[in-house]
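Student: Chains as they are written, first to last, in this note's numbering: chain E, 1 to 351; chain R, 1 to 351; chain U, 1 to 351; chain D, 1 to 351.
Among the clues, some could well be false.
Mimicking EDC-like on lysine to aspartate or glutamate, the simulated pairs with C-alpha atoms at most 20 Å apart in a straight line are [unchecked claim]:
no., chain 1, residue 1, chain 2, residue 2
1, E, Lys221, D, Glu340
2, R, Lys301, R, Glu342
3, U, Lys221, U, Glu83
4, D, Lys301, D, Glu340
5, R, Lys301, R, Asp346
6, R, Lys301, R, Asp315
7, U, Lys221, U, Asp37
8, E, Lys221, E, Asp37
9, U, Lys221, R, Glu165
10, D, Lys301, D, Asp319
11, R, Lys221, U, Asp37
12, D, Lys221, E, Glu165
Here are a few chain E residues that sit away from chain D, every Cβ distance over 10 Å (derived from the structure) [what the hints assert, rightly or not]:
no., residue
13, Val74
14, Gly108
15, Gly116
16, Gln134
17, Arg231
18, Glu342
Just so you know, the hints here were simulated from the structure itself, not pulled from any lab data. Ideal Cβ placement from N, Cα and C applies to all residues, glycine included.
Protein chains: 4
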Amino acid sequence: MEFASDNTSGAAPEVMAALTAANDGYAPSYGTDPIMDRVRALIRDTFEAPEAAVYLVPTGTAANSLALSLACPVWGTVYAHEEAHIVVDECGAPEFYIGGGRITGIAGAHGKITPGALSARLAQTPQGGVHHHQHGALSLTNLTEAGTYYRPAEVAALTALARAEGMASHMDGARFANALVASGASPADMTWRAGVDLLSFGATKNGCLGVEALVVFDPAKAWELELRRKRGGHLFSKHRYLSAQMEAYLTDGLWLHLARQSNRMAARLSEGLAALPGGSLVHPTEGNIVFASLPRWLHRKAMAAGGHYYLWPFDQSLDGLDDTPLSARFVCSWSTTEAEVEAFLDLLRAD
Amino acid sequence: MEFASDNTSGAAPEVMAALTAANDGYAPSYGTDPIMDRVRALIRDTFEAPEAAVYLVPTGTAANSLALSLACPVWGTVYAHEEAHIVVDECGAPEFYIGGGRITGIAGAHGKITPGALSARLAQTPQGGVHHHQHGALSLTNLTEAGTYYRPAEVAALTALARAEGMASHMDGARFANALVASGASPADMTWRAGVDLLSFGATKNGCLGVEALVVFDPAKAWELELRRKRGGHLFSKHRYLSAQMEAYLTDGLWLHLARQSNRMAARLSEGLAALPGGSLVHPTEGNIVFASLPRWLHRKAMAAGGHYYLWPFDQSLDGLDDTPLSARFVCSWSTTEAEVEAFLDLLRAD
Amino acid sequence: MEFASDNTSGAAPEVMAALTAANDGYAPSYGTDPIMDRVRALIRDTFEAPEAAVYLVPTGTAANSLALSLACPVWGTVYAHEEAHIVVDECGAPEFYIGGGRITGIAGAHGKITPGALSARLAQTPQGGVHHHQHGALSLTNLTEAGTYYRPAEVAALTALARAEGMASHMDGARFANALVASGASPADMTWRAGVDLLSFGATKNGCLGVEALVVFDPAKAWELELRRKRGGHLFSKHRYLSAQMEAYLTDGLWLHLARQSNRMAARLSEGLAALPGGSLVHPTEGNIVFASLPRWLHRKAMAAGGHYYLWPFDQSLDGLDDTPLSARFVCSWSTTEAEVEAFLDLLRAD
Amino acid sequence: MEFASDNTSGAAPEVMAALTAANDGYAPSYGTDPIMDRVRALIRDTFEAPEAAVYLVPTGTAANSLALSLACPVWGTVYAHEEAHIVVDECGAPEFYIGGGRITGIAGAHGKITPGALSARLAQTPQGGVHHHQHGALSLTNLTEAGTYYRPAEVAALTALARAEGMASHMDGARFANALVASGASPADMTWRAGVDLLSFGATKNGCLGVEALVVFDPAKAWELELRRKRGGHLFSKHRYLSAQMEAYLTDGLWLHLARQSNRMAARLSEGLAALPGGSLVHPTEGNIVFASLPRWLHRKAMAAGGHYYLWPFDQSLDGLDDTPLSARFVCSWSTTEAEVEAFLDLLRAD
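Please build the complete structure, drawing on both the sequences and the hints.
Tutor: Written as structure tokens, this is what we have:
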């Protein structure tokens with residue numbers, strides 16, 4: 001009954017098999033391995049972006065921070081949802097990689113920024129004043145931290161506002177596959193056709209050990225990105241082990257298959273939680289994360305029985321009146337099974 | 001006939017097996033996995049340092065840069081051999097992590113700094129002048145880039161000079177195992193007993209996929225290091241895959257066993273190359289790297305037959321008079337076999 | 001009728017005279033001039049802080065940024081009012097000097113943070129989580145950007161919260177003299193006795209050409225500050241010209257005398273504006289800045305006649321219905337005269 | 001008998017008079033003062049560069065560091081003479097402003113880099129390798145730290161090499177006026193016509209209180225420079241006091257007149273020192289700095305009588321054998337008089 005995060009899951013068997021296969025013999029180092037050539041082609045193909053620069057890094061924080069260091073000048077601010085990973089969960093890595101800079105959080109229901117909110121915030125610091133931070137970049141998280149997703153048209157509306165202010169747009173796709181299969185959109189429609197300039201294309205949470213692709217749709221940035229990756233200590237000498245994970249992930253639609261599984265499990269869990277006495281959803285369940293509110297006594301029961309998930313926000317207490325509703329986050333991964341979900345729901349449903 | 005680098009080799013079977021085993025089921029993330037508890041104990045035990053802070057990162061550049069960011073203030077300079085990896089091969093990563101800072105290269109035969117050279121350089125910028133960079137840290141590479149190693153007494157003499165100037169001492173041990181088995185010293189004697197404060201304890205080159213331990217002998221630095229690692233994007237969510245590599249590496253002396261193999265192969269290769277007509281050694285062969293000079297015609301022959309290694313320095317040319325001696329670097333790894341070495345030497349010996 | 005800012009005023013005659021006097025002959029450079037010895041003694045005396053480190057810099061942004069670089073680690077966030085100069089008017093200088101870091105703005109009426117608001121914000125990112133920015137420093141602006149001032153007891157309550165979280169407290173005193181004479185407190189009561197660790201002690205706006213003292217009450221930080229000042233390019237070679245301004249400023253209570261004048265003029269202006277038809281105060285007038293609301297037609301009239309001040313916020317328009325109230329900021333300086341204030345009020349009062 | 005540095009001298013009477021005049025009444029702040037409009041025009045005129053971006057900062061370190069932050073990427077290295085101010089006298093300010101980066105010192109006689117030495121150093125780290133620092137920028141000091149100057153043709157030869165490697169060229173002209181009057185070249189010939197992209201145009205040492213112009217010949221960099229200056233804390237609110245100094249400096253050829261005086265005094269001093277028993281020149285005296293070697297007993301005598309100058313390098317001792325030659329640096333300023341020089345020489349000549 002593990003719903004704490006999708007990062008507590010392991011790697012998919014296909015990925016482990018590829019890793020083992022890649023271990024055979026000698027291979028060129030630092031990204032010149034032949035597997036990487038295939039990965040590059042696969043990603044360009046997947047995104048219908050034959051010129052895109054494609055680089056692998058081991059963590060999502062590295063991908064986001066490197067992307068933002070390309071997009072945002074040292075005197076700029078990155079606009080993002082106030083609950084975005086880059087705002088609350090990266091200990092200043094984006095500011096470190098940018099070399100100063102700032103991140104400006106914007107409020108918005110269900111983890112999403114609206115064009116109105118973005119416009120209003122941009123208007124507070126108009127271009128051309130030397131005293132304040134300059135407009136730097138836009139960063140959208142898809143799947144959002146609230147488990148919802150931006151539709152391509154929503155992405156396009158926001159990136160258009162960014163572009164009008166001279167800003168590049170980044171997408172934090174730590175759970176990109178979950179957003180994509182939920183939307184039914186093509187990778188290209190969800191990204192560059194909707195105005196996204198740089199994508200953190202996550203794979204770790206969705207069945208890999210530790211690899212993310214940084215996809216930069218403007219190939220003119222390729223060399224700068226190579227240098228920044230090296231300078232961040234993220235260029236692997238035995239790079240084939242990153243390449244192999246990503247190749248397996250993209251082969252035969254494994255990545256989409258795994259994301260569909262986690263989304264399906266979340267949908268089932270969501271339905272079950274909402275149907276419990278006193279149960280309700282905090283955000284719409286659109287991907288692999290469920291935010292639901294349950295009476296305190298149900299949380300006590302679930303946790304006592306070994307259910308693993310987080311109250312969200314974290315500063316709620318299990319101590320107190322039984323019927324008080326407490327909100328919580330439940331995450332399904334590629335390895336979550338129907339049996340796990342049902343066992344958890346049965347536990348909660350039991351008298 | 002692969003002697004280009006020890007990073008073109010794969011991972012040892014024991015390491016791959018541990019990785020596969022670690023993939024079973026769910027595991028806590030971000031370094032709280034139980035394997036990491038065992039790794040921490042293993043390293044503390046290995047180094048007879050029960051309080052040491054131990055953290056894993058994926059690359060040697062990350063380990064070095066994080067270590068130096070702990071050791072050197074933003075206004076300091078790191079003293080290192082002028083051919084050290086941090087000087088010539090990290091694209092400014094140490095300066096980036098330090099947050100400015102500088103690295104001052106010091107010349108020295110066979111990749112080693114002498115106490116005299118260090119003292120002379122330190123005297124050029126005495127403490128207390130606000131105009132120049134301050135004494136920041138000392139960084140020693142062991143095994144050195146020239147394939148030699150510092151004896152514990154040599155390390156102690158240099159770190160004593162550093163300490164007298166208020167500087168911490170770092171050891172870049174990307175090939176620590178090779179230096180250690182060559183010296184016969186204990187890990188503790190080679191490091192903290194010789195005045196080393198921070199160690200980049202390499203494993204990638206010597207049989208892992210991508211993992212290095214950062215060992216900080218002053219436990220008071222632990223929390224700062226955790227924060228800096230996260231901020232650099234080097235905290236793995238699925239951390240068990242770093243832990244598992246390192247556990248296997250340290251179990252049953254695998255790391256020493258692998259290093260002995262590469263050192264032995266280098267010794268054999270070294271002897272063979274020096275005995276060739278026109279052959280001579282550029283540096284003493286003390287670890288797993290051979291620097292030898294051969295007549296140009298021999299290099300041509302070797303490379304034409306598929307021998308893979310680098311002329312060193314790189315700006316020598318294969319074109320020109322046949323008998324001109326050209327120096328080159330040959331690296332053996334844990335996976336180099338006697339058969340490979342002999343085949344290569346036979347090729348060179350053949351008429 | 002100049003009320004745009006106190007930085008459009010000149011330097012007081014006593015300051016110019018001191019500058020001219022200091023120009024005589026040779027003088028030691030880089031802060032070793034004898035005038036600086038006297039300045040150091042004067043400031044230590046003024047603040048009853050015989051050990052304080054005292055350094056001069058040319059701008060308020062330099063003073064704030066250097067102070068925060070001493071107080072806040074690279075992975076920390078500085079808590080400040082959301083309208084503080086360091087948040088909205090320094091183009092990222094604090095983040096630059098800190099070396100990353102972040103500034104977290106906190107809302108609060110009349111430019112002031114309340115202990116409740118600070119506590120609530122601190123509770124969102126509890127100590128010990130490696131994923132988020134750490135508690136870095138507290139920065140209070142006194143006189144605030146809203147023209148109000150913190151009482152010593154209010155300062156003490158906020159710095160106590162900071163200290164409990166391990167944070168140092170900084171005071172941006174660009175208009176420190178104005179806050180001080182308004183409060184009637186002693187310099188020591190307003191700063192270190194109330195828990196302030198570092199003070200940007202402004203002089204530029206209040207009658208100098210360009211000089212601010214950075215006063216660090218913990219003398220152990222002195223050398224670090226010297227190095228950071230040099231590294232920021234703020235160490236003057238012909239330092240006597242900074243020293244001379246500050247000496248004159250502190251001699252015979254000139255600084256207090258000048259601040260009383262600007263505060264008095266603001267009080268008079270404030271009273272006059274509030275008494276106008278449709279006039280009202282936006283914030284209490286406690287120092288040398290008046291925030292008042294007037295009908296649009298009055299603003300049109302004032303500006304047409306050469307009144308110089310800013311609508312605040314800036315994105316209000318003079319075009320539109322006549323009676324709409326628009327808020328504005330009016331700043332008095334040491335050189336503002338009763339005649340100027342009266343002329344301006346007469347203009348507004350006239351039919 | 002003050003020859004310690006040109007920064008121990010005061011400001012020229014014309015400059016002080018301009019400062020006093022500028023103090024009259026209110027003036028727009030932050031560089032929008034009308035004096036700055038005139039300064040901009042004067043500098044553009046002086047350099048025959050009608051489009052150049054011109055900004056004022058208070059110190060030479062600020063000018064150099066800001067210039068290099070425009071010229072050199074964060075992953076680049078700046079090539080400079082190993083004794084350049086940015087290498088040995090700025091406590092890491094250039095690296096701080098660049099945001100990492102490195103400075104690579106190159107040896108060369110009499111403070112000057114030769115094209116051969118620059119080429120050789122560039123060849124060590126060819127373009128395109130991701131592992132090492134990239135070619136960042138060239139920085140030439142004119143007048144050099146050795147008191148010599150680069151001829152326009154020498155500057156052109158070096159900047160051509162830089163340009164061929166994609167690097168911009170900076171000139172540290174802390175003593176630009178001294179180099180210029182020595183060479184007889186025009187400001188344009190010495191700078192942009194010889195391939196210089198950014199100039200630190202010093203005024204402080206040559207008769208001002210504290211002001212340097214940063215002249216950027218590519219106007220496309222203007223806005224970036226404005227932002228970087230603000231972010232460094234170097235944008236003066238009461239900017240008129242920087243403008244006024246610079247206007248006076250450039251009016252009626254004052255800057256050239258003052259430099260001619262210091263150069264003339266140095267020539268006279270140089271001749272006198274070389275003619276002393278045991279006296280000789282260490283570097284040719286081409287500007288306002290004399291490097292001469294004298295027997296130890298003469299130094300003892302000079303210093304005992306109040307002669308103020310530095311042994312150079314500083315680690316020579318006055319204690320020891322009388323006849324040992326010790327080298328020293330003597331600097332003349334705009335305010336050095338013939339009487340001072342003669343008095344000093346007479347002292348040394350006396351039995």
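Student: Work down the list of hints and note, for each, if the structure agrees.
Tutor: Here's how the hints hold up against the structure:
1. Lys221(E) / Glu340(D): Roughly 60 Å between the alpha carbons, so the hint for Lys221(E) and Glu340(D) is violated.
2. Lys301(R) / Glu342(R): Holds, at roughly 16 Å.
3. Lys221(U) / Glu83(U): Status violated; Cα separation ~28 Å.
4. Lys301(D) / Glu340(D): Holds. Lys301(D) to Glu340(D) sits at ~16 Å (cutoff 20 Å).
5. Lys301(R) / Asp346(R): Holds: Lys301(R) and Asp346(R) sit about 12 Å apart, inside 20 Å.
6. Lys301(R) / Asp315(R): holds (19 Å)
7. Lys221(U) / Asp37(U): Given that 20 Å is the threshold and the Cα spacing comes to 18 Å, the pair holds.
8. Lys221(E) / Asp37(E): holds (18 Å)
9. Lys221(U) / Glu165(R): holds (19 Å)
10. Lys301(D) / Asp319(D): With a Cα-Cα distance of about 12 Å, the restraint between Lys301(D) and Asp319(D) holds, given a limit of 20 Å.
11. Lys221(R) / Asp37(U): Not satisfied, since the Cα-Cα distance of roughly 38 Å exceeds 20 Å.
12. Lys221(D) / Glu165(E): holds (19 Å)
13. Val74: violated (6 Å)
14. Gly108: The assertion about Gly108(E) holds, with a minimum of 29 Å to chain D.
15. Gly116: holds (28 Å)
16. Gln134: violated (7 Å)
17. Arg231: violated (5 Å)
18. Glu342: About 51 Å separates Glu342(E) from the closest Cβ of chain D, which puts it past 10 Å; holds.
Against the hints set out earlier in the document, violations occur for numbers 1, 3, 11, 13, 16, 17.
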